[in-house]
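S.K.: Each chain is listed here by its residues.
Number of protein chains: 2
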Amino acid sequence: MNKPLILVTNDDGIYAPGISALVKIAKQFGTIAVIAPDKPQSGMGHAITINSTLRLQKTHYHSTDIELACSGTPVDCVKMAICEVLPQKPNLILSGINHGSNSSINVIYSGTMSAAIEGALEGAPSIGFSLCDYSMEADFFQAENYIAKLIEKSLKHGMPKGTCLNVNIPKLSKENIKGIKVVRQAKASWVEKFDARQDPYGRDYYWLTGEFINFEKEATDTDEWALANGYLSVVPTQVDLTDYKALEKIKEFEK
Amino acid sequence: MNKPLILVTNDDGIYAPGISALVKIAKQFGTIAVIAPDKPQSGMGHAITINSTLRLQKTHYHSTDIELACSGTPVDCVKMAICEVLPQKPNLILSGINHGSNSSINVIYSGTMSAAIEGALEGAPSIGFSLCDYSMEADFFQAENYIAKLIEKSLKHGMPKGTCLNVNIPKLSKENIKGIKVVRQAKASWVEKFDARQDPYGRDYYWLTGEFINFEKEATDTDEWALANGYLSVVPTQVDLTDYKALEKIKEFEK
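The listed protein sequences correspond, in order, to chains A and B. 165 is the number that my numbering gives to position 165 of the first sequence; each next residue is one higher, with no gaps. 199 is the number that my numbering gives to position 199 of the second sequence; each next residue is one higher, with no gaps.
The shape of chain A in the complex, shown without the other chains:
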């Protein structure tokens, strides 16, 4: 039997430490193709490139059979991989490991998760991994065993059609990680604060900053709870955004 074909991408760029860790962990499970952005693409959400062209450049950083840096977004990488580059649909798509959390509402801003969501839309089991640690010295290998387990299970069991996994890893050492919890996305939001400054020419500019607010601090079935309690959070994630509960109420707008 052929080895599984595993596509690895990310949003921090093809030379980021997180994708190197993910490639190293994934290598034991199959043939790896790395197709990832040629520069950091954090916060790109589900952006695609339609007003400019896309380019692919061979790189040799990860020592894999196929390795290409793409000028586009994480979603572009997945689309190009499947439609242009790979000899067959990948058996698994892995995105990450992102440098920073993509739990809760962060999923909608996340390039890492958009690549996984795009993979699910293309019909491939897909996982986005994110480490809740923003430090430059973040260690992406502390949860190595759990990441390997999730890859193995996904290859073995597959995933429901159109669904991918949003995996967040707590900032803990190996011995303090308690396990994996399959949970739902917590209701949360960012309260933005703009850091307003002046450039040397007296013109105003702004940096986007903010504070994360979890609206469900008491709930014990959310990704935020799992992470706060020492677990990797796994949220099965899909893209029907219809608010079914609101359909009846909004029907009034037809009249």
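Everything labelled a hint here was simulated from the structure, so no lab data went into it. Built from N, CA and C at the ideal position, the CB exists for glycine as well. Treat each hint with caution, since some may be false.
Okay, the calculated beta carbon distance ranges per label pair [as the list claims (entries may be wrong)]:
1. His157/B <-> Phe141/A: 46 to 54 Å
2. Glu211/A <-> His157/B: 53 to 61 Å
3. Phe141/A <-> Val85/B: 41 to 49 Å
4. Asp195/B <-> Pro160/A: 26 to 34 Å
5. Lys58/B <-> Lys24/A: 45 to 53 Å
6. Ala196/A <-> Ala196/B: 41 to 49 Å
7. Glu252/A <-> Asn229/B: 17 to 25 Å
8. His157/B <-> Lys171/A: 39 to 47 Å
9. Asp221/B <-> Val191/A: 33 to 41 Å
10. Lys39/B <-> Val191/A: 22 to 30 Å
Please build the complex by placing chain B on the supplied structure of chain A, with the hints as guidance.
M.R.: Chain B in isolation, oriented as in the chain A frame:
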């Protein structure tokens, strides 16, 4: 009583014909603030600007009290409007009118809808409008009466917390539009095709193109059905991406 404060933004840029139409229609309902991207931002999804700075520039194109072109994405515009610019939270946020469809799966790639979703996250009733017409001569006023009605209803009734409306307008003349249907997001996908070319220096580049596939052609309760049958489609839209049906199945991954 004070007039309602209505924020208008878009993803085609502050000088696009679609936002001009929306501002004109909205003016009868309140005080208008226009804060929109200073250049086209199509396909930006829920992108935010975190690796570079943001700037605001006064413009005088729409003859409104507040009018600023923002260097960032549609989501950045909403965040900056609420946190930095407006004297109070807007009573309503309108995004569009987008030049092209944002029905069905297009919602996740859409800058127009991301602005509306961000509005809902910030606690303001929000509507994204899109016209299913890509021609340069698209007429954004054919559905004027329906757009006005949706604005009026939203100001009067508000929306469930965290929910916004994804409104798509069929490419039809005024007399052929049948009305408004409140529906769910159709399950659909894009089959991508990359148009591969060579630049004058012999290097390959690609344009992203594709074909839209509706997986639910028979269903009569979807946005695609409404549009194909002469109605404006209104999908109440929220951002909990958890696949609740898959939670039990994926629990296996904990073991």
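S.K.: Give me the numbers of the hints this structure contradicts, sorted from smallest to largest.
M.R.: Hint 2 is the one this structure does not satisfy, whereas the remaining hints hold.
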